[in-house]
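K.L.:
Protein chains in written order, with our numbering: chain U, 359 to 524; chain G, 2 to 412; chain A, 562 to 743.
The set of hints was computed from the structure by calculation and includes no laboratory data. The model shown is predicted, which means the values in this text are computed figures rather than measured ones. Here a beta-carbon is modelled for each residue, glycine too, at the ideal position from N, C-alpha and C. All clues given are correct.
For the chain U half of the interface with chain G, some residues (derived, Cβ under 8 Å), not all of them:
(1) Gln412
(2) Leu439
(3) Phe465
With a Cα cut of at most 20 Å, we get these calculated SDA-like pairs of lysine to any residue:
(4) G:Lys106 <-> U:Leu445
(5) A:Lys655 <-> G:Leu33
(6) G:Lys106 <-> U:Glu382
(7) U:Lys410 <-> G:Leu254
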Amino acid sequence: MENQQITDALVAQFGADAVYGVTESHGILQFTTGVENIVPMFHFLYAHPVFKFQFLTDLAGIHFPDAKGQELGVIYHLHSLENNVRLMMKAYAPIEAPHFPTITGLFATANWMEREAFDFYGIIFDGHPNLTRILNMDEMDYHPMRKEYPLEDATRHDKIDELFGR
Amino acid sequence: MSEVALVNNPNVGLDKTQKGGPYVNELSTLNLGPTHPATHGIFQNILTMDGETIVDSEQTVGYIHRAFEKIAERRPFYQITTLTDRMNYCSAPINNMGWHMTVEKLLGIEVPKRAQYMRVIMMELARLTDHIVCNSILAVDTGALTGFLYVYQWREFIYEIYEEMCGARLTTNMGRFGGMERDFTPVAIEKIKKLLKELPAALKEFEGMVMRNRIFMDRTQNVGGISAERALNYGFTGPNLRAAGVDYDVRALNPYSSYEDFEFDVPVGTKGDTYDRFLVREEEMWQSLRIIQQAIDNLPEGPYHADAPHYYLPPKQEVYKNMEALIYHFKIVMGEIDAPVGEVYHSVEGGNGELGFYLVSDGGRTPYRLKFRRPGYIYYQAFPEMIKGTSLSDAIVTMSSMNVIAGELDT
Amino acid sequence: MSNSTVNVAEAPPGIEGAGFFATSLDNLVGLARANSLWPLPFATSCCGIEFMSTMASHYDIGRFGAERLSFSARQADVLMVMGTISKKMAPVVKQVYLQMAEPRWVLSVGACACSGGIFDTYSVLQGIDRIIPVDVYVPGCPPRPEQILDGFMQIQELAKNESTRRRNEPEYKALLASYGIE
Numbered sequence: 359m360e361n362q363q364i365t366d367a368l369v370a371q372f373g374a375d376a377v378y379g380v381t382e383s384h385g386i387l388q389f390t391t392g393v394e395n396i397v398p399m400f401h402f403l404y405a406h407p408v409f410k411f412q413f414l415t416d417l418a419g420i421h422f423p424d425a426k427g428q429e430l431g432v433i434y435h436l437h438s439l440e441n442n443v444r445l446m447m448k449a450y451a452p453i454e455a456p457h458f459p460t461i462t463g464l465f466a467t468a469n470w471m472e473r474e475a476f477d478f479y480g481i482i483f484d485g486h487p488n489l490t491r492i493l494n495m496d497e498m499d500y501h502p503m504r505k506e507y508p509l510e511d512a513t514r515h516d517k518i519d520e521l522f523g524r
Numbered sequence: 002m003s004e005v006a007l008v009n010n011p012n013v014g015l016d017k018t019q020k021g022g023p024y025v026n027e028l029s030t031l032n033l034g035p036t037h038p039a040t041h042g043i044f045q046n047i048l049t050m051d052g053e054t055i056v057d058s059e060q061t062v063g064y065i066h067r068a069f070e071k072i073a074e075r076r077p078f079y080q081i082t083t084l085t086d087r088m089n090y091c092s093a094p095i096n097n098m099g100w101h102m103t104v105e106k107l108l109g110i111e112v113p114k115r116a117q118y119m120r121v122i123m124m125e126l127a128r129l130t131d132h133i134v135c136n137s138i139l140a141v142d143t144g145a146l147t148g149f150l151y152v153y154q155w156r157e158f159i160y161e162i163y164e165e166m167c168g169a170r171l172t173t174n175m176g177r178f179g180g181m182e183r184d185f186t187p188v189a190i191e192k193i194k195k196l197l198k199e200l201p202a203a204l205k206e207f208e209g210m211v212m213r214n215r216i217f218m219d220r221t222q223n224v225g226g227i228s229a230e231r232a233l234n235y236g237f238t239g240p241n242l243r244a245a246g247v248d249y250d251v252r253a254l255n256p257y258s259s260y261e262d263f264e265f266d267v268p269v270g271t272k273g274d275t276y277d278r279f280l281v282r283e284e285e286m287w288q289s290l291r292i293i294q295q296a297i298d299n300l301p302e303g304p305y306h307a308d309a310p311h312y313y314l315p316p317k318q319e320v321y322k323n324m325e326a327l328i329y330h331f332k333i334v335m336g337e338i339d340a341p342v343g344e345v346y347h348s349v350e351g352g353n354g355e356l357g358f359y360l361v362s363d364g365g366r367t368p369y370r371l372k373f374r375r376p377g378y379i380y381y382q383a384f385p386e387m388i389k390g391t392s393l394s395d396a397i398v399t400m401s402s403m404n405v406i407a408g409e410l411d412t
Numbered sequence: 562m563s564n565s566t567v568n569v570a571e572a573p574p575g576i577e578g579a580g581f582f583a584t585s586l587d588n589l590v591g592l593a594r595a596n597s598l599w600p601l602p603f604a605t606s607c608c609g610i611e612f613m614s615t616m617a618s619h620y621d622i623g624r625f626g627a628e629r630l631s632f633s634a635r636q637a638d639v640l641m642v643m644g645t646i647s648k649k650m651a652p653v654v655k656q657v658y659l660q661m662a663e664p665r666w667v668l669s670v671g672a673c674a675c676s677g678g679i680f681d682t683y684s685v686l687q688g689i690d691r692i693i694p695v696d697v698y699v700p701g702c703p704p705r706p707e708q709i710l711d712g713f714m715q716i717q718e719l720a721k722n723e724s725t726r727r728r729n730e731p732e733y734k735a736l737l738a739s740y741g742i743e
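Generate coordinates for the entire structure from the input sequences, incorporating the hints supplied.
P.N.:
Below is the structure:
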């Protein structure tokens with residue numbers, strides 16, 4: 359099973375403008391798609407008689423502050439255990455309205471993965487059963503992994519930048 | 002009935018389904034954690050119980066969230082190794098090696114055979130330490146403290162081997178990009194051979210105490226089971242998945258670091274219950290010993306690190322004599338060497354399952370985005386489903402057998 | 562087996578006679594307390610694994626009287642905080658400290674508990690001495706079991722030499738008040 363087969367099947371099913379940015383990273387196929395295609399593509403790849411991408415390895419959020427209109431992204435890592443083929447699917451949304459559909463209906467494992475992406479980046483997954491913060495404190499009012507926020511605690515008073523010559 | 006009659010009636014509370022009884026259908030909430038003797042690490046379970054049976058549960062994690070992924074965006078690649086130590090801290094070398102392999106994939110460094118075999122040996126030793134802890138603490142949670150004390154001595158011995166190789170016991174920071182930082186010393190090889198000769202006896206002793214022990218079997222069989230389909234849907238990997246019947250092992254399916262040269266079996270269970278998880282981990286320890294034996298017998302000669310002067314620190318004698326080495330040393334330590342632009346995903350078989358590293362590099366000295374795919378975080382979601390309808394003591398034993406390590410759960 | 566390097570511990574100053582030994586109450590109570598400290602192992606991360614090594618037979622903290630680990634705060638003497646304490650966990654640590662009965666000591670094990678360690682981030686409490694008073698700090702990442710035992714022995718020294726009136730004195734109350742504890 360070649361990566362080209364997967365690309366061809368996806369283009370045949372969803373159209374050539376639903377699959378762009380196709381690259382290969384060390385043998386793993388990567389492509390980008392629109393937010394509206396995520397759930398149909400997942401179902402297609404899951405139910406496909408040959409491909410059988412039935413294992414969701416990971417779901418990562420990412421923030422590109424310079425890509426206007428496509429700042430927040432989600433990268434899905436899929437794995438077909440029977441064929442031993444991996445796949446990376448990416449989708450981006452604007453930072454003012456970062457809505458992605460949830461895939462918890464298909465993969466139970468996406469539940470906490472999506473909560474983590476929400477906690478870190480503020481990406482909203484429509485239809486998620488319990489989209490609340492998971493790793494950070496509930497009272498936190500910002501999404502810390504976004505690039506504009508610093509690593510250190512902003513309220514600390516003994517390790518201030520002046521002491522370190524910054 | 003009057004209040005006094007209720008209090009003095011000896012039958013009150015005995016039959017809760019009795020019509021008109023005072024305690025019909027009363028659910029209670031029990032808070033298990035975050036600090037609790039039986040949870041290995043700090044995470045909270047709020048259990049809704051109907052008497053002794055668990056009806057539902059809710060997890061709160063994040064009590065040890067240390068923002069690894071945010072820290073990783075601010076540190077040069079070689080400083081991130083110290084972060085990876087602290088994820089699954091029971092088997093730190095596996096995390097280190099996994100990270101090194103990810104960066105080597107990005108940088109295009111080819112690791113020589115000897116270094117690959119050395120890495121395999123250290124990773125299998127780490128797997129031994131992880132499984133020793135998990136299985137012996139599972140026995141402790143059922144009340145058998147002696148097994149823990151016996152096998153823990155061998156864990157101390159493995160720590161001595163780590164100290165020979167990298168100087169530290171637990172948070173090892175072992176290896177470098179392109180290989181290892183030092184060759185096996187004769188003392189290290191002697192200790193590994195002694196381990197291979199004497200650990201089997203200790204493991205057999207532990208198994209004799211616990212594996213066919215009637216009390217242990219009654220506590221762990223048919224407890225906390227999960228089917229293979231549900232386990233796959235929940236993203237289980239590692240011993241928990243293999244106990245459910247799916248033989249997915251990253252070492253066998255996507256071999257890395259010369260694992261294809263070794264002959265080993267992947268133990269698989271049938272029912273996915275606690276006893277199967279215990280047995281799978283026990284058998285994996287025997288397979289790890291087998292791999293270490295093969296690796297140390299066939300250890301090839303050659304360099305223990307790649308010839309990658311841009312990423313591998315030159316030896317100190319060279320730095321003081323040779324201008325080129327001095328410049329490379331300066332550039333590497335001050336972080337002036339940029340990485341290529343690209344993305345890479347690499348995964349290794351950690352003690353708990355597929356430990357993945359998704360690295361996005363934008364050409365700078367620090368990663369743009371680093372995502373850790375932690376197996377513990379992913380399979381802990383299934384815990385409510387696994388303990389529904391069981392009793393509190395079964396829930397404790399199930400949690401213990403899943404080997405949830407808080408450092409991995411929360412990064 | 563006889564071992565000439567074994568030393569018998571020093572007795573506190575007192576008057577000895579046939580079948581009796583008279584010393585001050587403080588010394589006696591201190592001796593009893595120091596050799597039977599029950600720890601509450603508040604193990605959160607990697608230092609907790611080094612504590613497990615300290616508890617196991619090779620390094621054996623039971624030799625120092627800490628055989629019975631008490632997870633119930635009321636019955637514990639020493640709160641051993643081992644590992645990173647995040648801001649989410651800080652109220653739990655404070656609650657556990659408040660539930661302990663006097664006399665209580667706090668041993669902060671590991672760089673993370675002492676000062677936040679390598680995690681200078683938005684989510685990690687930079688040292689537990691921001692919320693509770695600490696008696697002994699054990700640095701290390703993680704500290705070797707010998708270091709943890711050394712810290713424990715320092716707590717034993719503190720317990721042995723403490724006056725029985727210390728917990729009611731105004732300085733101690735001022736110390737607790739500075740942390741907002743009554």
